[in-house]
Amino acid sequence: MIEFIHPSLALFAGALLLPLLRGQLQKIALVGIPLLGLALIALLQPGQHGQFEFMGMNLVLGRVDALSMVFAWVFGIILVIAAIYALHVRDWIQHSAALGYAGSALGAVLAGDLLTLYVFWELMVITSVWLIWRNDSGVSFRAGMRYLIIHAIGGVLLLAGVVIYYQTTGSLAFDAIEVGGAAFWFILLAFMINAAVPPLHAWLADAYPEATITGAIFLSALTTKTAVYTLMRGYPGTELLMWMGAIMTLYGVIYAVLANDIRRILAYHIISQVGYMVCAVGMGTVMAMNGAASHAFTHILYKALLFMGAGAVIYMTGKSRLTDLGGLYRHMPWTFLFFMVGAVSIAGFPLFSGFVSKTMITEAAAMDYRSIIFLMLLMAPAGTFLSIGLKLAWFTFLDRDSGLRPKEAPANMLLAMGLAAFLCFAIGVYPQPLYALMPNPVDYNAYNIGLILKELQLLLFTGLAFFLALKFVRGKNVMALDVDWLYRGGGKWLVVALRNSITAVNRQTRVHVNAALGRYGRSVDRRHGRDGKLARSWPTGSMAMWTAILLASLLVFGIRN
Amino acid sequence: MNLLEWLPFIVLIPLISSGIVACLPGRFWPWAFTLLAALASAVIAALVLPEAMGSELSYPFGNWQPPIGIEYRVDAANAFVALLVAGMAALALPWAKASVDQEIPERQGAFYALFLMALAGLLGITLSGDAFNIFVFLEISSLATYAIIAHGRDRRALLAAFRYLIMGTVGATFLLIGIAFLYMMTGTLNLADMAERLPEVSDTRAVRAGLAFIIVGLGLKLALLPLHLWLPNAYTYAPHFVTVFLAGTATKVALYVMLRFIFTVFSPDYSFVVLPLSSVLMVLAVAGMFAGSWVAMFQDNIKRMLAYSSVAQVGYMVLGVSLVSAIGLTAAFLHLFNHALMKTALFMAVGCLAYRAGSLKIQSLQGCGREMPWTMTAFALAGLSIIGVPTTAGFISKWYLILAAVEAQSWWLVGLIVITSMMAVYYIWRVIEAAWMTERPEGATRLKEAPLSLLIPTWVLVALNFYFGIDTRLTVGASSAAAEALLGVPTGGLP
Chain A
1 MIEFIHPSLA LFAGALLLPL LRGQLQKIAL VGIPLLGLAL IALLQPGQHG QFEFMGMNLV
61 LGRVDALSMV FAWVFGIILV IAAIYALHVR DWIQHSAALG YAGSALGAVL AGDLLTLYVF
121 WELMVITSVW LIWRNDSGVS FRAGMRYLII HAIGGVLLLA GVVIYYQTTG SLAFDAIEVG
181 GAAFWFILLA FMINAAVPPL HAWLADAYPE ATITGAIFLS ALTTKTAVYT LMRGYPGTEL
241 LMWMGAIMTL YGVIYAVLAN DIRRILAYHI ISQVGYMVCA VGMGTVMAMN GAASHAFTHI
301 LYKALLFMGA GAVIYMTGKS RLTDLGGLYR HMPWTFLFFM VGAVSIAGFP LFSGFVSKTM
361 ITEAAAMDYR SIIFLMLLMA PAGTFLSIGL KLAWFTFLDR DSGLRPKEAP ANMLLAMGLA
421 AFLCFAIGVY PQPLYALMPN PVDYNAYNIG LILKELQLLL FTGLAFFLAL KFVRGKNVMA
481 LDVDWLYRGG GKWLVVALRN SITAVNRQTR VHVNAALGRY GRSVDRRHGR DGKLARSWPT
541 GSMAMWTAIL LASLLVFGIR N
Chain B
1 MNLLEWLPFI VLIPLISSGI VACLPGRFWP WAFTLLAALA SAVIAALVLP EAMGSELSYP
61 FGNWQPPIGI EYRVDAANAF VALLVAGMAA LALPWAKASV DQEIPERQGA FYALFLMALA
121 GLLGITLSGD AFNIFVFLEI SSLATYAIIA HGRDRRALLA AFRYLIMGTV GATFLLIGIA
181 FLYMMTGTLN LADMAERLPE VSDTRAVRAG LAFIIVGLGL KLALLPLHLW LPNAYTYAPH
241 FVTVFLAGTA TKVALYVMLR FIFTVFSPDY SFVVLPLSSV LMVLAVAGMF AGSWVAMFQD
301 NIKRMLAYSS VAQVGYMVLG VSLVSAIGLT AAFLHLFNHA LMKTALFMAV GCLAYRAGSL
361 KIQSLQGCGR EMPWTMTAFA LAGLSIIGVP TTAGFISKWY LILAAVEAQS WWLVGLIVIT
421 SMMAVYYIWR VIEAAWMTER PEGATRLKEA PLSLLIPTWV LVALNFYFGI DTRLTVGASS
481 AAAEALLGVP TGGLP
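Quick note, the sequences are listed as chains A and B, same order.
If you're matching positions, the first sequence starts at 1 in this note's numbering and goes up one per residue.
If you're matching positions, the second sequence starts at 1 in this note's numbering and goes up one per residue.
If you're looking for bench data, these hints aren't it; they were derived computationally from the structure.
Heads up, a few of these hints could be off.
[Unchecked claim] Rough simulated footprint, nothing fancy, chain A against chain B, three-plus residues with beta-carbon under 8 Å:
#1 166-176
#2 211-219
#3 229-237
#4 414-422
All residues carry an ideal CB built from backbone N, CA and C; glycine is no exception.
Chain A on its own, in the form it takes in the complex (with noise of 0.2 Å):
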């Protein structure tokens, strides 16, 4: 009996198999290889698995404890619901790319040392750009591309930092990091532009909207939530975490009112939930913890949920802007119904997955007494609702009729958004199972009256806000300038001028240089080229010199004595 076996390892494999396959195989491996690897987590062992020594470095592939179970369990959920909701989509370079995304995740959170822990965070982007690439447009390849830059220098700066940790305290094992200087902030910096902590979280709103419909789902779930679990590990209870993830939520939030696509929307949300999470992550108690886990896991289950709505509304009206859309409810009411379960998990109403899990932040922050902190994590769930439960809801499936006639979702999107939207609401109604899986004892309970009074009053006096403001929160198709704008060349006014005087002396450089270059070359060449000096067949002769040289240094040398 094999005691341990990689569940990246059956998606792997599941990646190169794929390619070979045609037809009903290829869709029967596609779940199937998804569901392979969800019962590889379910056998997982606690322990050290798969330890080997590499060049004197002691690696873990598989660290199975109750943290990391619990991500590799959402992970291999979401996948199996992505993988359904991706049947119909005929490339196999997408399929083959989430399955790799999804076992470089899956290793890397069960990676036990830096090392591990760095290969496959490498391996995530390069899998995972695909899907963006795949939307096969000029604007989703250049999104790709600054996705790509930015999780290099991210992947760079995590390498640098695992170097130096390595340098100071000669091991590899990842556990919390607790040396101060460079290697705390390198590897804190890389874990950070994944959790797309503001300012480092420009990538995220700019790529996911460009991806392919099914390959958000993936990137929705995987990156981000990846990125919490390794600040869970390394970094619980570091203070600017804390204040950097309520910051997170309520910046999310803004820019998801003023956004108009509504994927851009879904991807600020993104944003303002992981900042609930790194919040946590930064309060460091017991509850918060168990917060950060549990928020982490229903996320993924709603978060997937809203944008896999969004991403069928696109499929079927070719729209994706708030704009277009509208009284969508009449010609896909699964859709609209599904969407709506994911909307109320995200605002936290009672009853839905999102409640169980964010209270348990928010309280954690009360009873830490961080008063500024409680507020600000109170306030963004307003902000939610009423970007995605009304604004987003309202203006795609309600409001006046576009005039769009599309069809329902095909079977196999509604199906998986039906398993989504059934998990948020069993895990609304019956959290325990979710709490036995925390890494910490959990005793908590959110329904309690105080509760969900306040949560119901705060969202339904929001609804009553929408309503009164209605025409004033109308999407309207402008763009809102966020960070990315420093590099997407936003403000390349401000840049030209700078750039035309830098070409010419650059040109003026290069000549000069160029021509020295070529002159030391032509040298270099005479001298030492085919027939230079060292590279000459020498006489016989000489080479008798040199081995009568040779051997008089060494006996002068050695006589001497």
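Model the placement of chain B on the given structure of chain A, informed by the hints.
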């Protein structure tokens, strides 16, 4: 019959087979018999290695007890080298068939007989525990080598072989003179016995001169700069199969013998104190690393370029020796093994190219990457190994070399190793660029991919480069055991 009884057969099988092969007619049987002989040798060598890891094995010839009789004395160091030599021969021979058929269509029996003699000679040098026996086997292998180099189709092969003959003879004579000095002072030819008796007479000029002669003599065989001048031409003009075999084995065996004399016969305390060996070797090694890489960067002929690269790689091995530490010696042995892997793979890929293209000038290979993708990919991957990219064997040995340099606090050496690796990037890149980045010139003949009988062994070698870049248990274990055996002290847990 226990394993010890089999020990001499590592040498005897190729030696005896060479006589038989010489009589075999046709093209198939000489090759097949040679392959069998090399395989048998390699298998025995592989069986002996684990035995020799812990203890010294000694086999007295004809039951004449040493020091009077001739003995084969095997410890981790020479068992490792013997496995390398026999293994490389066994790996190169499957490749040989197509290439030799093309280059030497006639009288293959004689060619393979000479090859087996060279192999037997190299193995004999490695296993023998007797100084004079080493000289005899050195002559056997050298003479056979000159002859097989002269089989090259290019007429210049004759001149190259002749030069090699002169220089090789000078080297062998020096070795003989050195051994004679030692025999004069100690009255024994058995290495172990010599090591025991030397301390009494160590303070004489004759012994010092003996060591100096041995070092220079072996330096010639080793192609240590500035004694490398025979090597580029010999490698360039020899038949491709001969280059493939020699690149992995000949210089390695010479290095082993040099280490045996420096470390076992003379103790390191003696050789590195009385003669300024450490600094001499270090200067020559660094000069070799630079000059070899530098010249390689400008060569037109790929084979010649790789030959100069070999000079540079010998520099790495000698550099490891010159650091006089357990890690340094481990690095030297590792590179000895890994360099054999990567150079053999590279020369095999070049041989595949030559099989189809005829010319090996870089200009004439423009655009061949698209026409011979498997060959050029193999070349590129083996090139990664010689550059020292992680997950290749080349990385492992360079890593240990760097560790040794760091341990010796010689940071400048680390810098030099990195710089010469960059030079390797350049000369490998030139080939890649010509093969893939440029278009095939108009009117050039279309090249077919090399036949499978050449490609499969090439790819096996490439795969080994990556295998030993990841699973380092065998190589690092055997290398540190070899270093231990030479230094005579446990090296402790090497990282």
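Evaluated hints:
Interface restraint, the region 166-176 of chain B with chain A: holds (5 residues with C-beta to C-beta distance below 8 Å; minimum three). For the region 211-219 of chain B, the assignment as covered by chain A holds, since 6 residues bring a beta-carbon within under 8 Å of that chain's beta-carbons and 3 suffice. Restraint check on the region 229-237 of chain B versus chain A: 4 residues with Cβ-Cβ distances below 8 Å, three needed, restraint holds. Beta-carbon proximity to chain A at under 8 Å applies to 0 residues in the region 414-422 of chain B; the threshold of 3 is not reached and the given coverage is violated.
Hint 4 from the earlier list is the only one contradicted by this structure; the remaining hints agree with it.
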